[in-house]
Amino acid sequence: MSPQAAFPAGLTPTPSRSVSRWLKAAARETWFHVLGAVVLIIYITPFLWMILGSLRREVEIFQYTYPLTWRTFVPVEWSLKNFQDVLGLSPEGRAFGLNFGRALLNTALVSGAVVLSSLIFNTMGAYFFARLDFPYKGVLLLFVIATMLLPFEAVMVPLYIVVRSLGLQDSYWALILPWYASPFVIFALVQFFKEIPRELDEAAIIDGASYFGVLRHVVVPNAIPGLVTTALLEFQFIWNLFYWPLIAVGRKELQTIQVAIAQQTTQTQIYWGRIFAGSVLASVPVILLFLAMQRYYVKGVAMSGLKG
Amino acid sequence: MDAVAAREVALPRSWWTARRRGYLLALAFILPAVVNFVIFRYLPIFAAIRSSLWQYSLLGGYGEFIGLQAYLRMLEDPIFWKSLWVTTAYVLMKVPAQIVLSMGLALLLQRESRFTAVVRSAIFAPVVTSIVVISVIWALMYHVQLGLLNSIITSVGLPRIAFLSNPRLALVAIVIMMVWKEIGFSMIILMAGLKGIPDMYFEAARIDGASGWQQFWRITLPLLRRVLMFVVVTQTIFSFQVFVPVYTMTRGGPLDATKVIVYYIYQNGFLFQDMGYAAAISTVTLIVLLVVSAVQMWLLRSEVEY
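Going line by line, the protein sequences match chains A and B.
Just remember that the working numbering sits 1 ahead of the position in the first sequence, which is counted from 1.
Just remember that the working numbering sits 59 ahead of the position in the second sequence, which is counted from 1.
Simulated from the structure, these hints should not be mistaken for laboratory data.
All values reported here derive from a predicted model rather than from experimental measurement.
It is possible that some hints are incorrect.
[Claimed, not checked] One side of the interface only, derived from the structure: several residues of chain B facing chain A at Cβ under 10 Å:
(1) Asn95
(2) Val187
(3) Ile296
(4) Thr342
Idealized CB from N, CA, C, for every residue including glycine.
Please construct the entire structure, taking both the sequences and the accompanying hints into account.
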C-alpha cells in the first residue's frame, strides 16, 4: 500500500500543504532552540561571570559593569593575582592570613574520610538488610529510615550540644563522625543489592565463604555502579556542607572551604576578586567531576527519587 | 523416633546455637550504623528537649529546671512568629514555582539530542555547586551599584532595583535564586518519571485526536502524580530548612524580611549564646516538619498504578 492510498481521492496532500506543514515544523523547531538557548544563557552566565571575574585584577572588576558591553565579562588584563592571594602565595594574601589551600585540603580530607567510611559502614548495613537473617529486622529498618525524616538543620544545634559533651568539637572528628553512616545511602544500597541474584551468595556460602567473604567477593563487585553513585552523592553532600562545619569548628586551621568563602563576605571591605577565585576553586572541580560522571549520578538521583 | 528425641534434647542445651551465632554475626554488620544513628540523630533530639526545659549554657551546662518557660517565651516572641511566617512565605513561593518550571523544562528537554544534553548539564551544574558559592555570586549579581543584573536592567533603560536591601524584594530575590539552583534536581526526577510512562498511551491519544494540552492534562499529569508528590514532599521539607542564602546574603534583614526559622535558631544559639531558647525553637521546628512530612507521606500513599 502506497502512502497516498490512505487518503481518499481528491484529498491527497498537495505540494502547498506539505510546504505549510514543513513551515510549521520549522517554526516549532526554531521555538524549541530559542527557548533552549535562553535557558542555557540564564544558567551559564553566572558561572562565566564568576570564572572570568576571578581572572581580573581587583580594580578592574567593577570598572566595566556599566554600561553593559562585552568588557563587562571579558578581562582587559588577565591575571592570576586573586588565586595567588586566596592561596596565601602573595604577600597581600599572607598579610590577610588567607589560606584557602588549607581550607581546600581540610574539605578534601573530610569528604574523602566520610566517603570512605560511609562506603564501608553503609555497605555493611545495606548487606544486613538485603541478605542477613535477624529477629525484628523490619523494626530495625524502620528505626533507620525514621532518621531520614529528621530534618538535619533542625537538630543541628542539639547535635552540637551532643558533640560538645563528647569533647569532639573543634576537631576533624566533629566533621567526620556524625556522617559516617547515612540512612539514605543504606536505603539506596539495599535497592541495588536486592537486584543481585541470591543464588550467587548461596553458591559462595556452599563453597565455604563467610558473610564477609560473600559481601566482599560477590555483592560488592556486582554493585559497583550503585556504590559509585552513592559515593558521588555523599562526596558532593559533604563537600558542600556549610551549617555544620560553621558551628562545629571554630579554629581557623580546621575551616572548610565553604565557611572560608562565606566569611569573606562579612569583612568590612569585601575583595570580590578573591571571593570569585575562592568560589572557582571550591566549585569548578566538583562540577567537572559531576559532568564526567553524569550518567551514574543522574541515574542514582532518579532512582532514589522514584523509590522514595 | 530415637533420633528425633535425641535432637530435641541436644538443641536447647547450649546458648551458643548456630542460629544465635548467625544473629550475632549479622548484628556486627549493622551495629556501626546503629551506633551512629543513636548518638548523632536520636540523642540530639533528646538533648534538644532536655536543654529546652533546663537553664542551659555552653559554659555552665545544665542549670535550674525551668519547664516550659522557653516555649511560653516563644509564644510571646514577635520575631519568632515573624520568622515562622517568613519561612512559610518562602516555601509557598518557592515550591510551586520550582515544580511548575521544572515540569516545563522536563517536557521541553526530554528529547534526546546533543543540544538538550548541553542544556540539561547547564541546568544541573548549580545543583552540585555549593549553596555558599551560588549565594555569594548571586549577592553580587543582585548588588545595587555593582551588580550584573542592574547593569542589564539599566542597559534597557529601566531604573536600578535594590534587590536585597528592599524589604519587599529581598525574600523574592532569594526565592528566585534558590529556584534557579534547585530546579535541576526536580527536573531530573520528573524526567525519569516521564520516561516511565509507556509511549503507547500517547500514541493512542494521538490517534484519537487529542491535542498536546489534552495529552498533558489527561495522561502525563495523572500518571506522574506519584513522582510529583515525591518532589513536592521533599522540596517542602528542604525549603523549610533554608539557611545559607540568608546567612550569606542578608543576615535576616532588611527589617527581618528574610529572617527564616533556621537563621533565628542560629542567631539565638550562637550569636546571642541562648542555647536553651535555640533548642526550644529547634524542637518546635522539628515537630512542625514531622507533621508536615507525615501529612505529605500520607498523601503520597494514594498512588496511581500503570
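Sort out which numbered hints this structure fails and list those numbers smallest first. Violated hints: none; all satisfied.
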